[in-house]
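**Student:** The listed protein sequences correspond, in order, to chains A and B. For our numbering, add 123 to where a residue sits in the first sequence, where the first one is 1. For our numbering, add 123 to where a residue sits in the second sequence, where the first one is 1.
No lab work stands behind these hints: they were computed from the structure. Each statement offered as a hint is correct.
Residues from chain B that face chain A, not an exhaustive set, calculated with beta carbons under 7 Å:
1. L224
2. R238
3. V239
4. A241
5. I327
6. H332
7. R334
8. R374
9. L376
10. V379
Computed footprint of chain B on chain A, listed as stretches where at least three residues anywhere in the stretch have a Cβ under 8 Å from a Cβ of chain B:
11. 237-250
12. 330-339
13. 353-363
Owing to the predicted nature of the structure, the values given are computational and were not obtained by experimental measurement. All C-beta atoms, glycine included, are put in the ideal place defined by N, C-alpha and C.
Number of protein chains: 2
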Amino acid sequence: MSELDEDTAVSPVAEGMWQADVGSRWNVGSAPNGGYLLAIAARAVLATTGRPDPLSVTAHYVSPPEPGPLQVAVETVRSGRRYATATAALRQGEREAVRVLAAVGDLAAMQGPTRVAAEAPTVPGPSGCVEPPDGGWVPEVARRYDLRLVPAAGDPPPDRPYEVSGWIRLADGAPPSVLALLAFADAFPPAVLGPLDVGWVPTIELTVHVRARPAPGWVLGRFATRFLVDGLLEEDGELWGEDGRLLAESRQLALVMPRR
Amino acid sequence: MSELDEDTAVSPVAEGMWQADVGSRWNVGSAPNGGYLLAIAARAVLATTGRPDPLSVTAHYVSPPEPGPLQVAVETVRSGRRYATATAALRQGEREAVRVLAAVGDLAAMQGPTRVAAEAPTVPGPSGCVEPPDGGWVPEVARRYDLRLVPAAGDPPPDRPYEVSGWIRLADGAPPSVLALLAFADAFPPAVLGPLDVGWVPTIELTVHVRARPAPGWVLGRFATRFLVDGLLEEDGELWGEDGRLLAESRQLALVMPRR
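When you get a sec, could you build the whole thing from the sequences and use the hints?
**Tutor:** This is the structure we're talking about:
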């Protein structure tokens, strides 16, 4: 069983109520990574609805949970033929950590036209990329991933987005899953973190669309921020398979917090 | 009072419980437009939380409501200094129509760095654009907007996204508001609708980030679909002010339904 499978496991407590155990090995400082929490929430939604794939998952991060037991309350809003809609509330006692709203279904059963008008970014392979700079401090969650970043050629010119891209896989060698894609969507350093002198970039809201089940191998991620206004920014992400297929798109709204 | 203000009005029923009246003049066929419903939900969330601006609003459309009374149940998940997080459930009796998860705050009070690395698309002004083709049938909601589309130069080449862009304002002459931006984000014809022979494109999930309060005048919208896979598509939107400021970004996940 992979570290991610192990640390996102949910056990049934009652109808739509699950218990998870938040592992500290996904922490950034003292707070669990948001993508990891999103994977826990999605797992409880999939288990409740009996669907295999997250299609669209939105998380609002309201308060960082502690490592330890976490309750996940799932409410199925509607269960339809193609997909189900559900919410998940992640709580520790009375304290809510994350609220999620999701549509889940079966990507293998989708039928209809296909037309893709974009290609994976052209970047060096993993061996031509570099491990993230540790700056004397490596967050615990960084040890869960094998992450190779495309070397940045200095800060981008003013009319180009802040951008970070590179290859990612689970450090324990487990093949990627649809839940791993949710974690990967929040596993890269924020695109603004290199060029801007910021303390941290807490996510207000993160939405991930999973568009295909991943095949074994590396996943290529590209994340870009075009609009930073009064400390509020969006970060748009794409995750691609080694075969050039789009696996997921993500977008988050986040805050730039000054260095303390 | 504008048509939009009038038809999104919510009156208090109990703590966090509001009543709206869905007007049929926002219909597409027999179903109210999703952007209009999003504006109703956001209005109830703003009224409950006492915040002026939607920052990030996600709606999952589960069942089209009928014109008539609609109950909006708002739950405040967290009320923080910078923003509040809340859900809204739009229901007619036992039947839920839309579930919303939102962060709301005060755009004028945001503080922090600004860096914008994108410009509004270069398109002809409203007088150089055209009214949408009616194809013998104009949905009721189209009469609520003054919409001028950039003339399409035929179907895009295979490596270019499906795209629709143009100018929009409220048809009754009211200046745009942050709630109007939510409605505008779902007011253009789907980008796939011209080049593809499809019946309709129901939205599974729509997220709008409001990034600035609009000034009076036209709003420029651009909507593009890059990834249509097995009938599932994303549509990415941007709304810009006449002064070239980004007002909002949107993304939706939708289904292509064959023509009946």
